[in-house]
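Asks: In the order they appear, the protein sequences are chains A and B. The first sequence begins at 5 in this note's numbering and counts up one residue at a time. The second sequence begins at 5 in this note's numbering and counts up one residue at a time.
Do not take every clue at face value.
In this list, chains with the same sequence are indistinguishable; a pair is considered to hold if it fits within one copy or across any two.
Said to hold, decoys possible - List time: in silico DSS-like cross-link candidates among lysine-lysine, alpha-carbon distance up to 30 Å:
#: 1; residue 1: Lys360; residue 2: Lys430
#: 2; residue 1: Lys430; residue 2: Lys195
#: 3; residue 1: Lys39; residue 2: Lys360
#: 4; residue 1: Lys195; residue 2: Lys225
#: 5; residue 1: Lys360; residue 2: Lys195
#: 6; residue 1: Lys430; residue 2: Lys39
#: 7; residue 1: Lys39; residue 2: Lys195
#: 8; residue 1: Lys63; residue 2: Lys195
These are computed hints drawn from the structure, not numbers from a lab. This one's a predicted model, so the numbers in the text were calculated from it and none came from an experiment.
Number of protein chains: 2
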Amino acid sequence: MNEPETDQIETYDTAFELGDGAIAAVLEAVESGDKPRLLALLEPLHAADVADLLEQIGKTARRDFLNLWGNDLWGEVLSELSESLREEVIDYLPANTLAEALRDLESDDVVDLIEDLEVLQQNLLLDALEDADRVAVEQSLQYPELTAGRLMQRELVMAPTHWTVGQAIDLLRQETELPEQFYHVMIVDPKMRPVGKVPLSSLMASARDVELTSIMEDDFKTIPVLQSDEDVAYAFNQYHIVSAPVVDADGRLVGVITIDDAMEVLQQHAEEDVRRLAGVGDESFSDQVLATTWLRFPWLAVNLVTSIMASLVIAQFADTITAIVALAVLMPIVASMGGNAGTQSLTVAVRGIATKDLTRANVWRVIRREVLVGLLNGLIFAVVIGVVGLVWFDSVMLGVVLGLAMIANLLAAGLAGILIPIWLEKLNIDPALASGAFVTTVTDIVGFFSFLGLAALILL
Amino acid sequence: MNEPETDQIETYDTAFELGDGAIAAVLEAVESGDKPRLLALLEPLHAADVADLLEQIGKTARRDFLNLWGNDLWGEVLSELSESLREEVIDYLPANTLAEALRDLESDDVVDLIEDLEVLQQNLLLDALEDADRVAVEQSLQYPELTAGRLMQRELVMAPTHWTVGQAIDLLRQETELPEQFYHVMIVDPKMRPVGKVPLSSLMASARDVELTSIMEDDFKTIPVLQSDEDVAYAFNQYHIVSAPVVDADGRLVGVITIDDAMEVLQQHAEEDVRRLAGVGDESFSDQVLATTWLRFPWLAVNLVTSIMASLVIAQFADTITAIVALAVLMPIVASMGGNAGTQSLTVAVRGIATKDLTRANVWRVIRREVLVGLLNGLIFAVVIGVVGLVWFDSVMLGVVLGLAMIANLLAAGLAGILIPIWLEKLNIDPALASGAFVTTVTDIVGFFSFLGLAALILL
């Protein structure tokens, strides 16, 4: 009887990430051109960790690494690489190394690998595939990007409605090419339309003569092949689906999507939202300086325009500021509080839209809530900032102006923060992408205008 | 032979979310007190959709709904509810309704349901459970929050190393209480330590006399029971794990974690990061106005302090502003650009830390990149804003001051945006929570100080 090896019972430090030590050792092996040592170091690693390693080392080290690894490169490492690095690495690798690497991969991984590449690279990789694989990949690529058709695997296990458990098990035992992962046997009618699915655990737990239809789940979600991948991911998460049949326009079974693929999409979309809310595009740590600068430039450019608009508002009150310089000192406070409150509201709205928690059923209640929260926080901070203004500049009326402007701006922030994302969504513009600029423009302008305007009215 | 019913081949509109029509119909049934109609409307819905419905309607309608539903309430709906609403609903429901509802649930769902409740509510629910279930739940609750112990299910299927496929299948056929979902048979040695796992699909595809050890995967991750749930989720995502054995300090198998639970954790943490970056706590759309105001207050309070600090900087230059009012008009541009660039850098850093893409191996390269990106965007926007300043106020030197301040602030933004999250992480403070305030403080102060300071030096 085998004793479990100690490295199977891993502790926190080693179990779940690539250690710094591992990276240093690999770099050393690469530097000294010691291929046997490199292979020995890579052997215990998961392809995802090797991909991370490639992402975390510098460009020169990466090339030396790939040169030394040569034709021993694992195909899975390519499909685990981040998109920007994938292009770099595929560009760099010789054609025969690529062809070798692709042979390791399932067809849906190949699709995932090549769908974002440029046409030239795509053709290079397609040519490297064997005929049967190339046809399968090309078929998948015919579905539009970001749909269930791209996400599904074509390999699946199905059985007709009149079969028994025993017949299904015999099929599985005879079949030589089973999908790498599957959790259900899909039950189809003679027209190939799915009518139920039998979890493998039920199949195992039932006697051979039990009919499949008596143990199948018939209350299940069917995914249209053109459904957006984001909706597919939502459904898997919402309904705790493990695998689901994908059907064409006639309702015929054409593939299966499993939870791991759906969760990757969910994760990607959440990550995309974070980045878009913060004004960074699809950048990664392996991007070079110029690429990163370029990706961040548009957001900064938009912000420049909106902040110049705010300055135009301030310019209208130049005389007022010259008369009371305290206004220049205090005005950024009002604008900054509005910007923060607006960001709070818009983030809640953007994520609510993405997770389908903000719907027509509660939108009015949520708008009302945002306005009231803005008003309430406005009142609280009006008192605080009013006192600050009074104590600092010894002027009751300056405190009053500050307080009133604060209320106006936090109200505007709540209203803009909820309405702008909803309105962008209606216009089919990604609210995560564009809400920030609009909301900040509103809070800057309302903040400066209300504060300086009230000051001109009341204090001069 | 059954024809598939048309509602199984669903289209976009109805397949993946609760329609507005459904909500309206349910509200109508509730209003007219028509229980048979309510039950008929709920019947085709998934518990997760009913929970969403409860979250999206108003408080009064929710109470009427629960009153009408009464003891027919499904337990799963409780475990699908958002945390804040869960407390409200559990507080509202009569004890016997709760007891009925809990009987529907698996023990790990009960744990998930009650772990965040107050002690009083916890005890109420524990008392409602049957003895065996209560013991199981209490055992799980002994593990610290946010660990693998809380996440795992105790129900699992295991077999000793000397068993064959046939013996395992016979066990599964005899066992009356199998876990609701399982994907592997865990193979354990006589000391109960996991030595491999056999995917159900391999079990099905193998002949009865094949030994389990010959088809088991022995290269698998074992999860220590005290591992943080965030690390568990990372491992599932990174290594595409479907289910993994959980072991105690002696390496003995105590439970199993499956991908669906891990993915929920991953999703929750990503969502938490988005919200913390934007300065909103764990709020949900069903929170009332006061609760929401209170949750958002601390972030706004911190922002007030930091913006007052910025004002103190401006106050040092009151005379300069009085002499050249154009400075007051233009200074928010420099500060705002710095704030935006800083948010870009810190978001990339915070997510990089969370996804373990930012590590000791690439941290210096990333810091260098942030500085260079800051410098480069600083140079670009220095030219643009310099020209704006020149044209608007007809002063070359004002343009020069604006440009120099822009470069200084975008550099500071890049540096603070990357260093502050790393430094917070080292101090064990959640970088998503605190980075924003610190970085904005830096960019505000550097922005105002460099612009006004240079102006005082050069223009006066």
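Asks: None of the hints should be skipped; say for each whether it holds.
Replies: Status of each hint after checking the structure:
no.: 1; hint: Lys360 <-> Lys430; in the structure: within (14 Å within a copy, 36 Å between copies)
no.: 2; hint: Lys430 <-> Lys195; in the structure: neither (39 Å within a copy, 60 Å between copies)
no.: 3; hint: Lys39 <-> Lys360; in the structure: between (52 Å within a copy, 27 Å between copies)
no.: 4; hint: Lys195 <-> Lys225; in the structure: within (18 Å within a copy, 42 Å between copies)
no.: 5; hint: Lys360 <-> Lys195; in the structure: neither (34 Å within a copy, 48 Å between copies)
no.: 6; hint: Lys430 <-> Lys39; in the structure: neither (57 Å within a copy, 36 Å between copies)
no.: 7; hint: Lys39 <-> Lys195; in the structure: neither (55 Å within a copy, 39 Å between copies)
no.: 8; hint: Lys63 <-> Lys195; in the structure: neither (54 Å within a copy, 48 Å between copies)
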